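What follows is each chain in one-letter form.
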Amino acid sequence: MAQHKQTAHDFIQCAFSPQVAVLTSNDAEQLCQKNNLSFTQLVQPFCRLTTEAQIKDPNNVLHTLQRLRIGMIDMNCQVSTPLVAKKMMNDTVTNEQPQIHEGSRGNVMTVGDYDLQLSSATPWFEAYRDVFLQTIPPSEHEFLKHCLACIFVVSSSHPEPLAMLHTLSNTQQQQQSQFPNKLPQWFSPNILKYYVLVHDMVEAEAAKAEAVYQSMKSSFGHQSCHLLQINSRSVTAVETTDTSFPDPWGQFLHKTPDNMEGVDYDGSASSGAEEGSFPNKVEEGTEKHAINDGLNGIGNNSTVIDHPLALSDSLPSPGFEDYPSLPSKGSHMSLSSVQSSMTKSGSFHSEKGRVMGHGMCLTASDQDRIRIFIHEFSVRALIPWAERQMRTLNELLMSRAGFRKSIVGTAKKWFGGNTNKTGQVANTATTVVYSKDAPELQMRRLADLAFLFQLYEFAYNTYHTAKRDFNNDHAWLHFAGALEMASLSTFMQGPQSQRVYPDHYMESAITTYLQSCKNEPYAVRATLTSTEALTSRGKYKEAAMQFIKMMSEDVFTSAVFQESDLRAALLLEQAAHCFINMRPPMVRKYAFHMILSGHRFTKSGQRKHALRSYNQALQIYKGKGWDLAEDHINFTVGRQYHNLKQLENATAAFKHLLTVASRQPAPQQNAFLREYLFVYRQLLMQEVEETGLQSNTLPELPLPALDSNATRVLTGARPLQPHDDKTYATGVWFDDVEGSSKNWEKLEELLVMSANGGSLPLAYRPSNALYSNSTDNKFNPVGYVREPITIEIYLVNPLKVAVTLTDVKLLWSFLPTIASHDKPQLITNETMLSAKNNLADEIVQGQVVKEIILQGSDRLPVKMTLVPHQMGELRIYGLTYNLGSHATTFMAPSQGPDSLGVGVAGSHKASYVSTVYVRGKQKIEVQGPRLNGKKEEMAGKMYGPDRRLDLSVHQEMPILQVSFTNFPKTLLCGEVHLVTVTFTNTGSIPLQKLKLASTNPKYFVLGRSEDLKLPANVYSISSNLKDNSAFVTCDRNSVKHVCDIDIPNGVLHQASSVSLPLWIRGNDIGGVHEVDLLFYYQASQQTTKPRYRLLRHSVQVNTVESLSVRAVAQRACKHSSETEHISVTDFVISCELENLSQIQLSRSHVREVCVRQISCSSQRWGVEPLSRTAHTDTKIGSRELLQVCLKSMVLSESAHRPDMYTFTDLPFQNTRLLSSATPCREFYLRSRVKLKSFDLETTVNPPSAQLGPPKVDPELAFESLNCAINLDMALIILWEAQVVDSAGEERTCVGQHHVIVEKPESFFTSYPFQILPKERPPIKFTREEVTSEVIKPAFEVLTQLVSYTMKHKTRQTHSFQQTRVCLLGVTLMLQNNSEADVTVLVDTSRAQQRLSDIQDAAGQALENSTTGFSWVGQTQRQVTMTPKQVLELSLSVSFSRPGVYNINNLAVFVSHTNDVSEMTLQKQTRPSVVSVLDKGHQ
Amino acid sequence: MAVCVAVIAKENYPLYIKASTADNELKFYYTVHSSLDVIEEKINSAGKNANDQRELYLGLLYPTEDYKVYGYVTNTKIKFVIVVESSNTTLRDTEIRSMFRKLHQGYVDMLCNPFYIPGESVSSKSFSETVISMMQQ
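For the protein sequence lines, the chains are A and B, in the order given. According to the numbering used here, the stretch in the first sequence is residues 1 to 1482, in order. According to the numbering used here, the stretch in the second sequence is residues 1 to 137, in order.
It is worth saying that the hints were derived from the structure and are not from the lab. It cannot be assumed that every hint is accurate.
[As the list claims (entries may be wrong)] Pulled from the structure, derived: some chain A residues nowhere near chain B, Cβ distances all over 12 Å:
id	residue
1	N26
2	I924
3	E1319
4	D1381
[To be verified] Subject to a maximum C-alpha distance of 25 Å in a straight line, what follows is the list of computed PhoX-like cross-link-like pairs (lysine-lysine):
id	chain 1	residue 1	chain 2	residue 2
5	B	K42	A	K208
6	A	K539	B	K42
7	A	K549	B	K68
8	A	K921	A	K645
9	A	K800	B	K18
10	A	K809	A	K645
11	A	K622	B	K77
12	A	K541	B	K102
13	B	K77	A	K934
14	A	K624	B	K125
15	B	K125	A	K622
16	A	K549	B	K18
Source: prediction; values computed, not measured. Every residue gets a Cβ at the ideal spot worked out from N, C-alpha and C, and that includes glycine.
With the hints as constraints, model all of the structure from the sequences given.
Listed below in structure tokens is the structure:
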């Protein structure tokens, strides 16, 4: 229970104060009306005795009366009917609003985690309570409200005051005797009569008054007369003097409700049925109609959220319908009559207007006189009368007591002894009817009187006795009343009483009132007093229980009445306050009951109170995760605000429902959304009405959520889509893979380096066109005038229902850079005015997306473009749109983001035009990456700047457009294809310095524009078969990642274009290959930064396996007899060509491959056919193998220059393809060049490598030695393939494969070996000792540094009979293959192991078996050989018997240094056979 | 059996609320939320007489016209609330206790999931199944 102004003691005393009726004559009344008060009102503020009075109880014990209060009621006052009482209560509650609204009052209570703002005072409840107690209908079972006395008032100006007093007295007498049921009721037949003569000090004569007073005293007794002199101040004086003394009447007078506030509590709040019953209320204005209509419009949804605690049967419809129809006809009449009766002075009051105060004619002494009058009346008349009454009643009862006990007691014993007397007998209405002066009632009367005059101990005893009697008689109503008062008597005795407060008495009183007597008002009264008593003793829990019990009983007994809703609301609120006052406070119960109370307030039409209750409860539910409850409260609060026309607050409340991703079901969310939109639009309309113009800034909308950080910004136009056989450079678009940007950066670096003369400019940083979350956005993106800027925004719908956005636009602000001195003005397009908008559109042209339908919980990217037309700073800061709910009946498929800009089909229009929408905006705020550099950055959460939405618009630049004609998607491996590439400048500025960089330049050859004029063959053909070699300069260094593109005059003008041939060759490995091309160009005039522009192109080429070539070069094994000239350097090359393709039906495949020509490119070598027969059949079918053997020969020495290559062609058909011509040669060259890969792994040097000494590439260090086995011969196989594509059509492709034969005796293939990625060793954290490795040349090289052959006769005839030994001279020809000086040791002894443990197994075997020959002469010979030197050594061998000998068993050791110990045995396996014949045998 | 099962965090925000029918979910939100006051009261009163050996089961928190609300508090102050219908007379204290034990077990199992961050709302399927099984019995 909230804190009240009155203490419980005061309250109960006030509630049960002695009542005195007042009957005034008209003239007396008029006298009082001068003060704008009736007589009762006049005396009311002074009705409490300020001094103590004495009273004797029937036992003659003297008691002290403290602060006795006397209730004065006008006898003519009409009884309020239930309906009127209800209205009065409603009005009272409505008028008592919390004075200060939330926020200002610093009454903050901290309970656990909750900080609550509570208004502990509930004046409306107190007001209600007072009115309720006033209007409670009297009952026969108690006499507390019965008038003890009647005061008759006449004025001294009356012509015959005495006669008038008699008349008045008679009137009273008459009423009491003839209309006993008419109010007010009288305590007893012989009530106290008191006569008052009111005297106007100004207008009437004092003497006459005195005379009348004297005669009154003589006729009525001096104790019951009083002369009251008032109005010492004249009315005229009132008007001149300023009355500033406090107005003691104000608090007692009934406030007339303002018309304005009357709207607040009409019955339409809870249900539409009630609305019709008070037509007088709806007339308030047309605006309200509109709102109601609006509410009805959305009323279908409004029922979705109903109070969960609303009892479905709480409004029994037939009864409910009947109820309002009853009073509605007479309501006007009765209401108006009530009004006048309530404030007796009503007419007077309204005539004089509200300006008039009260008691103007009363001076301070007048007030004192009134005070004296009341004191006189109480002490001299009322208290003595009460004493007398009590005494007589007591005596009466004492005398009857014995009699009653014997008779009634035995009667009960005999007849009704078996009945249950616990007092809890249900459903038995009071059958006992006591006569008016029945002793039981007399008893009660006595008790009441004692209670009224504060003789609580005596009262308690009497009530207790009466209670027993009533219980015995089963007079339940009386019983309950006695119980109630008994417990109150105990309470009123205060702490000095020995008795414990019998709250069970009260409990059973309430129960009895409710259940046995069905007397609800009294139950309520009992509850009100009881809870007051309980709370004053700190028994909050019990009090709360009583409140709730009363409330819940209410529901069943009188749910029909709206009044009960109000009462329930108030009771629940008090219960809630009880909970919060408990120790420890029960916050949640408080909140819950506040919600219940709010619901009841709503039902009773008390919107402000309902709102207040819900807001109180919201404090507890807010932000604690109780979503459903929170949503419900927010929704209700929103609607209440709406009803109260606080649209701003309503919007805020509804906004809450949408921002949180709520767990509500879809229809509920739909309702929320609609309600929000509806209210919001009303708010906007209202604002327009009020201010006359629309606000300049758009309101922020809660829906849809923007995934701001996912926003991407792209500068430049969208790349063109391919059409016909033309494809365009892919450029940059949103679907680019983010990870590839490193490659582009590297390429750009290369381009800039080449354009800048080999070094990067100081302030170089890679340019970027697509800015996203992962790019470095420290710098402002650069846009160009008249070039579009595209923004991609992700819209997220947190709701489960679709929302519709229409007329979506980007919001921007623009600061133009103007050369003039005056400061440029910031221009923005966030304005409602169309003129301004048009102006803004001229500066930056923005795209408007007509409609976006965002399905429930959808995430949709939306792309929008802006085209700036001036230089300056462009900042994109938001998005503006019309937000509407999606018509559920029309479910349009969600449009793709690409088609959004195109415009909306007619059918779509219907979907958004019909629904309610509001225009608003949302800001896009991007956040930079989290900083992690400094300590405070690591500790806190700091984010770097992100400027991706702040673009700087620069002046116009040339725009390059690159298109490719006939770009194939699929190629055979090695296939060469001609593509025409066209460069067009679509910008308005000429461009220059066109460059191209590529990640993999191996497979592209860009020709010159002249080449296009040639016939469209890939290879040049010559029919000259004779001169089959060409001597061409080839600069291997020319192959780089970056190449310049020749354009005529070096400048490409506006709208002009250049076409160039571009040959592409399929990758040697089958599969999908991606090649990135980056074009670089500059504007012809030097501009400020950035100087250059770039254009990206990324292609994917799928290659299909075609041909594989394996080649091996073997040293020619020439028999010495065949040719005289013995060469140690000739090679036989055998090639295996295999067609790897497979014939696949209905898919493109290679039918056959025809080898056209094999060419050789080398600095030293040429090729010849091995045989002179022409190869005609060189067609290879699928999975077939063709073997070709060729012979290589050394070219003339003159051709030997480092950059010169000789191409020798070996055609298989009668036309020769010029292998030295453009595409073929270039592709060959490219295949030979080892370019640094773009892989990121290789570019990033492992740091450990830099620590050690610079590593020498072993290949380079021993180049002079390595060339010993270096063949360096490239075979180019040119072929022609018949390809059947999927449509069954055949076409011919040409292509080339390269095999580079580096070394003899090993196989080389056309396709590069795929290097399997090495498994990385586990990372070690210990420092590894860098062992300085001695670099040695490869063993393979060392064993082949020197080649040797033996020149000798192969056949020797010798007569062994003549000499036993045959001697044969052998010339050992040694050739130094390397480019270095070598030391050669020729050892003819058999002890080869002496120098090396490498054994030639074959030689040993031979030696073991043939012991018949041996070398003679010097066994070891050491010579030094200069590079490429051919040396002949003469040896001789001796044979002891005829036979066939392999004399190749000598060992040749070679050292490339002078260190003899490092000699290496040369590999020589070829036998050298000598047949020794015996002459004698021939 | 149960018409509503709720798990509430130490800081009194809901981790999990499941009502047997969706339409009166809001009602149970209010009911469960209000019951927290009683739970706190019970914990505080219990803490005085026995310090360590606390009974986890709190018993009947409060009866309403249609429902009975039972409470249970783990040692880490996670609160379980089970609402049963008043008309259901077959449920005795022992049954309610076993329900709570089962719920506790289910919660502990769910908490053992290393991917569950304590304090986040429970979305575990198996825990949901446990709860649903308690409602369907």
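These are the hints, each one checked on the structure:
The claim that N26 of chain A lies off the interface holds: its Cβ sits roughly 57 Å from the closest Cβ of chain B, which is beyond the 12 Å cut-off. The claim that I924 of chain A lies off the interface holds: its Cβ sits roughly 29 Å from the closest Cβ of chain B, which is beyond the 12 Å cut-off. Distance check for E1319 of chain A against chain B: the nearest CB is about 31 Å away, which clears 12 Å, and the non-interface claim stands. For D1381 of chain A, the non-interface assignment is confirmed: its Cβ lies about 71 Å from the closest Cβ of chain B, beyond the 12 Å cut-off.
The hinted pair formed by K42 of chain B and K208 of chain A fails the criterion: a straight-line CA distance of about 78 Å is larger than 25 Å. The hinted pair formed by K539 of chain A and K42 of chain B meets the criterion: a straight-line CA distance of about 18 Å does not exceed 25 Å. Between K549 of chain A and K68 of chain B the CA atoms are separated by roughly 18 Å; this keeps the pair inside 25 Å, and the hint holds. The suggested pairing of K921 of chain A with K645 of chain A holds, with an alpha-carbon distance near 24 Å, which does not exceed 25 Å.
Among the hinted pairs, K800 of chain A with K18 of chain B is consistent with the structure: their alpha-carbon atoms are about 20 Å apart, no more than 25 Å. As the CA atoms of K809 of chain A and K645 of chain A are separated by approximately 31 Å, the hinted pair breaks the 25 Å bound. At roughly 22 Å between alpha-carbon atoms, K622 of chain A and K77 of chain B fall within 25 Å of each other, so this suggested pair holds. As the CA atoms of K541 of chain A and K102 of chain B are separated by approximately 34 Å, the hinted pair breaks the 25 Å bound.
In summary, the hint linking K77 of chain B to K934 of chain A is not supported, as the alpha carbons are separated by about 40 Å, beyond the 25 Å threshold. Taking the CA atoms of K624 of chain A and K125 of chain B, the gap is about 24 Å. The hint holds against a cut of 25 Å. Between K125 of chain B and K622 of chain A, the direct Cα distance comes to roughly 28 Å. Violation of the 25 Å bound is thereby established for this hinted pair. Proposed proximity of K549 of chain A and K18 of chain B is contradicted: the alpha carbons are some 30 Å apart, above 25 Å.
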